[in-house]
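There are 4 protein chains.
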Amino acid sequence: MSSTYGENLKLSIFGQSHGPAIGMTLDGIPAGLPVDLDGLQAFLNRRAPGQNGWSTPRREEDRPEFLAGILDGYTCGAPIAAVIHNKNTRSGDYANLKDCPRPGHADYTAQIKYGGFQDAAGGGHFSGRLTAPLCIAGGLCKQWLAEMGIQIGARILSIAGSSVSDDPLDPINPQIPDFGGDFPVINQNAGQCMRQAIEAARKEGDSAGGRIECAVTGLPAGIGEPMFGGVESRIAQIIYGIPAVKGLEFGAGFSSACMRGSQCNDRYTVTEHGFQTTTNNSGGILGGITNGMPLVFRVAIKPTPSISKPQQSVSLSKAEVQALVVKGRHDPCIVPRAVPVVEAAAAIAIYDMILGNTQTNRRK
Amino acid sequence: MSSTYGENLKLSIFGQSHGPAIGMTLDGIPAGLPVDLDGLQAFLNRRAPGQNGWSTPRREEDRPEFLAGILDGYTCGAPIAAVIHNKNTRSGDYANLKDCPRPGHADYTAQIKYGGFQDAAGGGHFSGRLTAPLCIAGGLCKQWLAEMGIQIGARILSIAGSSVSDDPLDPINPQIPDFGGDFPVINQNAGQCMRQAIEAARKEGDSAGGRIECAVTGLPAGIGEPMFGGVESRIAQIIYGIPAVKGLEFGAGFSSACMRGSQCNDRYTVTEHGFQTTTNNSGGILGGITNGMPLVFRVAIKPTPSISKPQQSVSLSKAEVQALVVKGRHDPCIVPRAVPVVEAAAAIAIYDMILGNTQTNRRK
Amino acid sequence: MSSTYGENLKLSIFGQSHGPAIGMTLDGIPAGLPVDLDGLQAFLNRRAPGQNGWSTPRREEDRPEFLAGILDGYTCGAPIAAVIHNKNTRSGDYANLKDCPRPGHADYTAQIKYGGFQDAAGGGHFSGRLTAPLCIAGGLCKQWLAEMGIQIGARILSIAGSSVSDDPLDPINPQIPDFGGDFPVINQNAGQCMRQAIEAARKEGDSAGGRIECAVTGLPAGIGEPMFGGVESRIAQIIYGIPAVKGLEFGAGFSSACMRGSQCNDRYTVTEHGFQTTTNNSGGILGGITNGMPLVFRVAIKPTPSISKPQQSVSLSKAEVQALVVKGRHDPCIVPRAVPVVEAAAAIAIYDMILGNTQTNRRK
Amino acid sequence: MSSTYGENLKLSIFGQSHGPAIGMTLDGIPAGLPVDLDGLQAFLNRRAPGQNGWSTPRREEDRPEFLAGILDGYTCGAPIAAVIHNKNTRSGDYANLKDCPRPGHADYTAQIKYGGFQDAAGGGHFSGRLTAPLCIAGGLCKQWLAEMGIQIGARILSIAGSSVSDDPLDPINPQIPDFGGDFPVINQNAGQCMRQAIEAARKEGDSAGGRIECAVTGLPAGIGEPMFGGVESRIAQIIYGIPAVKGLEFGAGFSSACMRGSQCNDRYTVTEHGFQTTTNNSGGILGGITNGMPLVFRVAIKPTPSISKPQQSVSLSKAEVQALVVKGRHDPCIVPRAVPVVEAAAAIAIYDMILGNTQTNRRK
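Those sequence lines, one after another, are chains C, G, U and P.
Residue 16 in this note's numbering sits at position 16 of the first sequence; the count goes up by one each step and never skips.
Residue 21 in this note's numbering sits at position 21 of the second sequence; the count goes up by one each step and never skips.
Residue 185 in this note's numbering sits at position 185 of the third sequence; the count goes up by one each step and never skips.
Residue 29 in this note's numbering sits at position 29 of the fourth sequence; the count goes up by one each step and never skips.
Hints in this document: simulated from the structure, not taken from any laboratory.
A couple of the hints might just be wrong.
As the list claims (entries may be wrong) - Only part of the chain G face toward chain P is listed, based on derived beta-carbon distances under 10 Å:
id, residue
1, I13
2, T25
3, L37
4, E65
5, G69
6, L71
7, A110
8, G116
9, G181
10, F183
11, I186
12, A190
13, C193
Unchecked claim - Subject to a maximum C-alpha distance of 25 Å in a straight line, what follows is the list of computed DSS-like cross-link-like pairs (lysine-lysine):
id, chain 1, residue 1, chain 2, residue 2
14, G, K87, P, K327
15, G, K309, G, K327
16, U, K98, C, K87
As the list claims (entries may be wrong) - Chain U regions said to be covered by chain C (calculated; three or more residues, Cβ under 8 Å):
id, stretch
17, 16-30
18, 118-129
19, 134-143
Beta carbons: idealized from backbone N, C-alpha and C, even for Gly.
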């Protein structure tokens, strides 16, 4: 596997859904950074399951135990390591998955790649549960970025089956602090409609996808490295590490493919805050480098593959079609719980780039 | 800068638009792989400028000189190095860009990051011209993948301002060989309509964006490594290294965010070719790992930022708004020339993952 | 910090001497490899402290708890994670070290680098205790190499203050299985003499350095990558990660600097085992690549810096010279316990190179 | 191959001894650093062949052509690329080497690894000629380090067959500026004796090895990252990338293995320059991190394997012993020419570590 990320910091994530523990090591972090463990727990609670109508009733506290790297409330320069012990471990529910893969899950590809040796229980290392250690690392990075005046906030933009999307973000001056909560939206009416769409899917034994939008404010201009170390490249690598992500766009994104240059180019202007652009189709990135405008991107999340409706699968041993009913109860929509995960991933990528920003900023 | 890519192969790209030469080094390639230089040149010619109505009249032959790594038509195990000498080098056209940045270009971010020391001529290292060495590396990888039965083909899906898109690809059995040419589409009528949209933009001194779809067939199941070494992550990192890319989606992509699980999950079946899925919303990837179905992704390309219409910019030294007219002639639409670049990028990412595929495929 | 190693496998080590736990994550290992936990424990016991006259009386069981990556006795393809909980944790013994650094330790450099935020207790992350997780990873790699017929054995070559060195190894056919035990030597009389030298140092409140020689047999020819991925480079990087290592040489090493070419060049011959050399001054490596002869290298270990004799140090706050007596009891000689650590480091480096050996071995 | 180096900067080296060109790309260097091309040429001339009695009469000017990354005498932030065109290219001298490998060379290991596809002429990519691009990169890094007050100097310590070694370096205050020239030593009488030893070897158709000592002054304390990113680890990886290096030791090195702790520990003191140690057995490194004392290391160089005396080799095709006479003329001792290469390698490793030094140096 390759569950490591980072050019300057080194994040390593481990664990299987029903193994003894999941966890992470985060290396390369400077000494002397404050760590607010209560704040981190509050962040992790946004991702934790079992708290409302749309998430799995499996309850895990997701309370990390820090084994290394933090001393008296500050980073000590040594690698930071934390584990979350699984309480809800291996059961017999998953015995059949190696032969009869669940559609939309990694059961089949894991079987091919690991030849039957993989830990299939609960999806093993492919489980969405592995986003918990990602949130430990990302929650810490978020705190350190906030210290520099960099805020990261994401929200639900749309849910499959809902007729409305959330209100557009102000791309010039997005209001990060308004996000948060367990169903973060700008327009609460739209949010209500989206919740109903999730409930409707749940009642039918089905699930729903959705989109998440993330904005980062306070980023200085000059972060990112062309060609393959650009902000889009680095964020994309980690965002696509989140299970169920199938699309990612920055700024105007796919809409820019429908534009002419005269529409898409953001014109420069001078404001009290310095040089800015009057629109933000670039999403704050030109040539892979931040331009000082808010960084904006959107993520497409596919619907939870685990549904209780009967589905067509195959028996790998018998090489014949077989009906499958996925047992257990699962999130009818993971989009709300994925919101802090997207924030965490962005925080890790951005903090990594800031650590590696070796430009001297000499001036000619 | 960080113009290097790869976990197993190591690609390093260098050059500035108007410098003496551009080029690349490709390290980590096994010895004994055949190299078809004529085939490579034919591939590079698909990207070369100056051959039709929609590209810049700047003419460069883009004929690489190989300095190392190839002997008697085969890779020799040493790093492969190639350069393309620039004939059309530095002129006075770009003197003003450090003070008055072109909207939509990297002029401003480069000025901030490199403090005026950057090579601004022609966009310097940010120029689309740097995709030529990317195509050298990618063209070679494409040949080696073809030897294994893996075909990569991309085509134009839509152009801004055209009312039609190309016909949908058959996601189960895409016909890769039909692509190619300087305006690759499935439906020639749609292609004609798209060409007219480009011509309309050109006449108005404007430019047009568009979408490219890429399909890879013949990929064995089991390629890719979770979590951050998944196929989507690796392809995304390199695709976002192509200038002007603002969006990327795999399989059903953003559409999957509008689906329910019962629609989105690809059901398994048994065919004469083995296990397959009856739809391909996953784009051939589950859990970051190939499932043996065609790999399909789409890329959003923003319109060329260089337009001849007057635009609003700023003088960085005077800190005031200033009108800007971009001189020189530029591609009114880079989408057609970006098609082989997308293929090249995908080929590099896939060949890199195949080199690193260390699974033993023991069977339990 | 940068406590990560590996190009193909990814090893991440964490922990501080007196923190809650130390541990490691080992990513990139194929699925389906057998794991012999009893064999691993026996290997770890060779490093464990407190079992004889020359090691610290601090007793830790060094019994790893595996949190992930192993299922039913086999690797499952997911990252392997293990922790060792510290039982003998933080005390007040180390309060003074941030102001009055111990000579020969990292106290001073840690203070400069981490600004006082470092965990100074017991040396923190710089403690030799961190070689325990290195031995977990290395012990596993050793098992997997043994499955391929590759044996790794190290032994004590000399101890400071002893008038004798161990007998020379047969560089053509070293007898790996003879090593092992808690004081591995070929010549037991020499070993007895070395033990006495350690005891003499201990009695005087002093410590002793020494040399370790390591041999690897069964390595196929063709492993390693020039220029910076050569066998010497990769082994050197990890061996110098072991605390107290100050020198490393391969084959004839520093002796080859005293030779003429006609002496140093190993002549080729043909044997029943195929092509061999009649001497092994190269240590089994030519051009960074294994030649099929035994890999041989020697490591210089400096004497344990912690001695009970009074030493001259400084008070960093007062900027004046200050006498220091290091409290607690420490190994008078870490060389015996470093022997399995050297084996572990070599095993990790070699297994990493084998995983990355992408040559197709086509033949012209 | 893996001819790339660096964690923060990315160095990529390419070329074969008798190919069209050799060269390098150096990525990740900040913009705005001055480049003194005349100074660089003077540095490269120290390595260039054909200028005296102990080096090959093959004459190459080793004059790099810069293709990218430098503009108007300053780095521009884009990757730096340079090539040296080979004038003395492929001849028929090397046809036999694929079947009858030269003892001590990489001919055999290359044949095994690359299956006959390797470029055998002149050693191909394994040639010492590849240290020329290493010196381009290292010469640049040396200049940038000098700007920070960091000086790097190496000299010949001993030559095989000479009865004398050079005078010891003052490890507390080494006089770097005294080095340089084509046979750098402190004691000119010893140097004369060493030259005679080389001449004696040459006359007998033989070659001689030797040792090089390198010192770095002006290094701030706090550079380097434990465990595997320590100064010794990073320097070792690149130094072992230099052909013919078989040993490396830091500070007292192998001598420390013969010491007791009370001898080896460097005692701290307070001087007008701040905290120092009264001896420098650590070689300026404790726990992998610089302590502000001079960095000192020694390198063992084996004798040039190419000798004109007849040697025993084998025919790989016939599987029988065969006599070999190496044709052409070669350096009877490469140690003098390796001196600037060692400096270059050290400069690259150190500059890389300085770029990655992300410690905040907050103080508690």
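The hints, checked one at a time:
1. I13: Holds - the Cβ of I13/G comes within 10 Å of chain P, reaching about 7 Å at its closest.
2. T25: Hint holds; T25/G Cβ to chain P Cβ min 5 Å, cut 10 Å.
3. L37: violated (14 Å)
4. E65: Cβ of E65/G sits 8 Å from chain P, so the hint holds.
5. G69: Check passed: Cβ of G69/G comes within 7 Å of chain P, closer than 10 Å.
6. L71: holds (5 Å)
7. A110: Because about 7 Å separates A110/G from the closest Cβ in chain P, which is inside the 10 Å limit, the hint holds.
8. G116: holds (8 Å)
9. G181: violated (32 Å)
10. F183: violated (32 Å)
11. I186: Since chain P brings no Cβ nearer than about 38 Å to I186/G, farther than 10 Å, the hint is violated.
12. A190: violated (39 Å)
13. C193: violated (39 Å)
14. K87/G with K327/P: With a Cα-Cα distance of about 42 Å, the restraint between K87/G and K327/P is violated, given a limit of 25 Å.
15. K309/G with K327/G: Given that 25 Å is the threshold and the Cα spacing comes to 10 Å, the pair holds.
16. K98/U with K87/C: Violated, because 40 Å separates the two Cα atoms, which is more than 25 Å.
17. 16-30: Check passed, 9 qualifying residues.
18. 118-129: holds (count 4)
19. 134-143: violated (count 0)
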